[in-house]
Amino acid sequence: MRIKIQEVGKGLHPSEVVVQVNAAEKPERLIVDRRSIEDDAIDVGYPIAKSNGYWLIELPRETIDGAWRIWITRDIIVGDILEGAA
Amino acid sequence: MILTDREIVIALGRGLIIIDPRPKETYFASTSVDLTLDPIVTKFKAATPGLEIVIDPSHIDFSSETTLAELTETVTISSDGILIPPKTLFLAWTKEYVELITETRVAARVEGKSSLARLGLGVHVTAPTIHAGFKGRIRLEIVNHGTLPIRLRAGMRICQLIFEVTLGTPERGYGGQFQGQSAPPAPRKKQP
Numbered sequence: 001m002r003i004k005i006q007e008v009g010k011g012l013h014p015s016e017v018v019v020q021v022n023a024a025e026k027p028e029r030l031i032v033d034r035r036s037i038e039d040d041a042i043d044v045g046y047p048i049a050k051s052n053g054y055w056l057i058e059l060p061r062e063t064i065d066g067a068w069r070i071w072i073t074r075d076i077i078v079g080d081i082l083e084g085a086a
Numbered sequence: 001m002i003l004t005d006r007e008i009v010i011a012l013g014r015g016l017i018i019i020d021p022r023p024k025e026t027y028f029a030s031t032s033v034d035l036t037l038d039p040i041v042t043k044f045k046a047a048t049p050g051l052e053i054v055i056d057p058s059h060i061d062f063s064s065e066t067t068l069a070e071l072t073e074t075v076t077i078s079s080d081g082i083l084i085p086p087k088t089l090f091l092a093w094t095k096e097y098v099e100l101i102t103e104t105r106v107a108a109r110v111e112g113k114s115s116l117a118r119l120g121l122g123v124h125v126t127a128p129t130i131h132a133g134f135k136g137r138i139r140l141e142i143v144n145h146g147t148l149p150i151r152l153r154a155g156m157r158i159c160q161l162i163f164e165v166t167l168g169t170p171e172r173g174y175g176g177q178f179q180g181q182s183a184p185p186a187p188r189k190k191q192p
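Residue numbers (the numbering used here), protein chains in the order written: chain A, 1 to 86; chain B, 1 to 192.
Derived by calculation from the structure, the hints in this document are not laboratory data.
Predicted model only: the values in this text are computed from it and were never measured.
Note that CB positions come from ideal geometry on N, CA and C, so glycine has one too.
Hints may contain errors.
Covered stretches of chain A, going by a simulated chain B footprint (3 or more residues, C-beta under 8 Å) [as the list claims (entries may be wrong)]:
no., region
1, 12-22
2, 28-39
3, 42-49
4, 57-67
So that you can see chain A by itself, here it is in the shape it has in the complex (with noise of 0.2 Å):
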């Protein structure tokens, strides 16, 4: 599954950007490698749940506040859904 990013800054190397994904409860911002970047949207695989409209989802790499999980509603969400047996 994919989901929307902004780039909002360059990495320390050439080949980082800093990301924005507009998670449900604040914006959390991310390192990601350019090569990961398609069309503005990241990978982030399966969603690891579903609450009240929102999924669940782990980021390819730890955001800049630590998580590594967030809460993410259905706009930020590129194409179908991956929900498996949900």
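Given chain A, put chain B in place with the hints provided.
Using the frame of chain A, we list chain B on its own:
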């Protein structure tokens, strides 16, 4: 379980693990593969005498990247290499792009090489885990714990990756999730 050299090569061949450029045959050991140092490193600027700067990672407006950008400068390692003075932290990267496919059960640890460790060189500061789904160059926190400067050159073998297979498939790599699972409560407030 730790992957052996044979299993790492199989995983590379099947695209379960991507290392670009692919390591030379001589860079493999029985249970690891060596990665090399990228020419770009980041070093901390010299402190101004009398000026005290304190980092507060718990501050509400703290951003590690902004802080690091302000405190460091990017250097390209020349053909003469770069000297790492004793008791000094540098941030560096592997030359190789590494990708662990999310749906696989492979995770990895980046570790130092004993040949460099004996000189006092550490390549990470207690953060060696590479999770499934990782994509990118591996960022290294290089510290010279020794007593003499150590010269590092771009392209030298700087660290090793040890691949491990997890006991099960992580939730984010598993299509049948949520079965028998009670989901945690939703966030209390929604972003405007």
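**Q.** Verdict on chain B covering the region 42-49 of chain A, where coverage means 3 or more residues with a C-beta closer than 8 Å
**A.** holds (count 7)
(Q) Just to make sure I understand the rule, a stretch counts as covered if three or more of its residues have a C-beta closer than 8 Å to a C-beta of the chain. Does the region 12-22 of chain A meet that for chain B? (A) holds (count 7)
Q: Establish whether the coverage given for the region 28-39 of chain A by chain B is satisfied; the threshold is a Cβ-Cβ distance below 8 Å, and no fewer than three residues must meet it.
A: n = 6 at 8 Å, threshold three: holds.
Q) Has the region 57-67 of chain A got at least three residues whose CB is nearer than 8 Å to a CB belonging to chain B? A) It holds: at least three residues are needed, and the region 57-67 of chain A offers 5 whose Cβ sits within less than 8 Å of chain B.
Violated hints for the displayed structure: none, as all numbered hints are satisfied.
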